[in-house]
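Chemist: Protein chains in written order, with the numbering used here: chain A, 1 to 115; chain G, 116 to 228.
By construction, these hints were calculated from the structure, which means they are not laboratory data. Careful, some of the hints might be misleading.
Derived pair list, reagent style DSS-like, types lysine-lysine, alpha-carbon separation capped at 30 angstroms [unchecked claim]:
id : chain 1 : residue 1 : chain 2 : residue 2
1  : A       : Lys9      : G       : Lys183
2  : A       : Lys14     : G       : Lys157
3  : G       : Lys172    : G       : Lys183
4  : G       : Lys215    : G       : Lys157
5  : G       : Lys215    : G       : Lys186
6  : G       : Lys172    : G       : Lys157
7  : G       : Lys186    : G       : Lys172
8  : G       : Lys120    : G       : Lys173
9  : G       : Lys157    : A       : Lys9
Pulled a few chain A residues facing chain G out of the computed Cβ check, cut under 8 angstroms [what the hints assert, rightly or not]:
id : residue
10 : Gly40
11 : Met41
12 : Gly42
13 : Leu43
14 : Leu45
15 : Phe90
16 : Glu103
17 : Phe106
18 : Pro108
Heads up, the beta-carbon is just placed ideally off N, CA and C, and yes, glycines get one too.
The residues making up each chain are set out below.
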Amino acid sequence: NAGVTQTPKFQVLKTGQSMTLQCAQDMNHEYMSWYRQDPGMGLRLIHYSVGAGITDQGEVPNGYNVSRSTTEDFPLRLLSAAPSQTSVYFCASSHDSWGGHNEQFFGPGTRLTVL
Amino acid sequence: QQQVKQSPQSLIVQKGGISIINCAYENTAFDYFPWYQQFPGKGPALLIAIRPDVSEKKEGRFTISFNKSAKQFSLHIMDSQPGDSATYFCAVNSGGSNYKLTFGKGTLLTVNP
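Pulled out of the complex, with its shape left as it was, chain G reads as follows (with noise of 0.2 angstroms):
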């Protein structure tokens, strides 16, 4: 059973350009919601996080929207820049831990110039 489930697989934007990734889970017992992105050879690195006490957080050009009843978060990626082309992961964590994150399967994101 997938624990969280993203989408798209790939997305393409134009500079400039409004970049979304969804993410949907199951379980409620779930707390922490972070995004992670991965440059090609690189290890992931935490982009942003949220706790579900709060709807949205943003930081600079990121954002992210979370909707309890839905059981959906989202990222958004304001102004796309060519250097924002990477793998983003949505994760949740497990058994109420913040160190064992259950990851989606990641969202190619590529911005053209």
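Okay, chain A solo, but in the shape it has when bound (with noise of 0.2 angstroms):
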């Protein structure tokens, strides 16, 4: 299993541009989530989704859309970059587990600089 892959590793926009970071799992997990990272912030929650076909917003939405169209991938679209969305942004998926400790799987991240 490769688990989590994130593409790209690294990216430089201009502010104004747009792009899609994207996010695959193999694992089959039904939960799938977008964090950012900032120094001294911790992981903040971006959007995430419980099964193909539903979304919702986490803590800090604004600036970013997702769609989840299949189990296995989950894209992240910046339509409009700004320099606060310069941040680590990682995507993480899990299983449905209630009651258990239905660990949360983390990619590599991507690294975005917004100029």
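Taking the hints as your guide, dock the two standalone chains into a single complex.
Modeler: Following this line, the structure appears as structure tokens:
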């Protein structure tokens, strides 16, 4: 299993440009999430999905769109990049095991710089 | 409003010492308390987790202590090793789900040889 994969690893954008961060998992996990990590801020949830066709907003959703057409893929779209979106982005997936310790598996991250 | 407060921000420990990281929360509805470990340039990975029906959970050198009445939980790393140098995050589950986590701001642990 490749686990959770993210592309690209690094990206530089100019203000106003759009792009899509790709995330895929091969563990057949129902849940997928996007987090951003900024120095001193921990990981903050952007959007999440509980299954194909179902998405919802997290703590910091503004400026980002998501969709989930398949179980495997959960892309994150920046419609008009802003310098405030400079961050490291992590995708995570987990299996539904209510009452258990369903581990969130994180991808390697995408480091995004917006100039 | 910060749902989970983590301290200290950074910690320096000598090899063989005990590392202690603390987290405090407000919402008594939280019922899942994981700790994640992150090495530079990598994604976080689950280290150990606890539910509030027990006061302590131990896995090797890592122990979670949970104080339900004080709404606090802590990570203890016994016999700390240089390889434990990493950033540690506590988390709580938001909205009663296990897939929607709110993380603390992290603690950078440095273990000197």
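Chemist: All the hints need checking, so say for each whether the structure fits it.
Modeler: Tested hints:
Among the hinted pairs, lysine 9 of chain A with lysine 183 of chain G is inconsistent with the structure: their alpha-carbon atoms are about 40 angstroms apart, more than 30 angstroms. For a cut-off of 30 angstroms, the pair hint linking lysine 14 of chain A to lysine 157 of chain G stands: about 25 angstroms separates their Cα positions. Distance check on the hinted pair: lysine 172 of chain G and lysine 183 of chain G sit about 14 angstroms apart at the alpha-carbon level, within 30 angstroms; holds. The suggested pairing of lysine 215 of chain G with lysine 157 of chain G holds, with an alpha-carbon distance near 20 angstroms, which does not exceed 30 angstroms.
Distance hint between lysine 215 of chain G and lysine 186 of chain G is fulfilled; the C-alpha atoms sit about 19 angstroms from each other, no more than 30 angstroms. Our distance criterion of 30 angstroms between C-alpha atoms is met by lysine 172 of chain G and lysine 157 of chain G, whose separation comes to about 26 angstroms. Of the supplied pair hints, the one linking lysine 186 of chain G and lysine 172 of chain G holds, its CA atoms being roughly 16 angstroms apart against a limit of 30 angstroms. Only pairs whose Cα atoms come within 30 angstroms are accepted, and lysine 120 of chain G paired with lysine 173 of chain G is accepted, the gap being roughly 22 angstroms.
Between the alpha carbons of lysine 157 of chain G and lysine 9 of chain A the distance comes to roughly 11 angstroms, so the proposed pair stays at or under 30 angstroms and holds. Evaluation of the glycine 40 of chain A hint against chain G yields a held restraint, the C-beta minimum of about 6 angstroms falling below 8 angstroms. Checking methionine 41 of chain A against chain G by beta carbon gives a least distance of about 6 angstroms; that is within 8 angstroms, so the hint holds. The interface hint given for glycine 42 of chain A is met, as the beta carbon of that residue sits about 4 angstroms from the closest beta carbon of chain G, less than 8 angstroms.
Here the hint on leucine 43 of chain A is kept, as its CB sits about 4 angstroms from the closest CB of chain G, short of 8 angstroms. Taking 8 angstroms as the C-beta contact cut-off toward chain G, the hint placing leucine 45 of chain A at the interface holds, the least distance being around 7 angstroms. Checking phenylalanine 90 of chain A against chain G: minimum C-beta separation of about 5 angstroms stays under 8 angstroms; hint holds. For glutamate 103 of chain A, the suggested interface contact is upheld, since its CB lies about 4 angstroms from the closest CB of chain G, less than 8 angstroms.
A hinted interface residue such as phenylalanine 106 of chain A counts as satisfied when its beta carbon comes closer than 8 angstroms to some beta carbon of chain G; here the least separation is about 3 angstroms, so the hint holds. Against a cut-off of 8 angstroms between C-beta atoms, the interface hint on proline 108 of chain A holds, since the closest Cβ of chain G lies about 5 angstroms away.
Figure legend: structure checked against the earlier numbered hints; the only hint not met is number 1.
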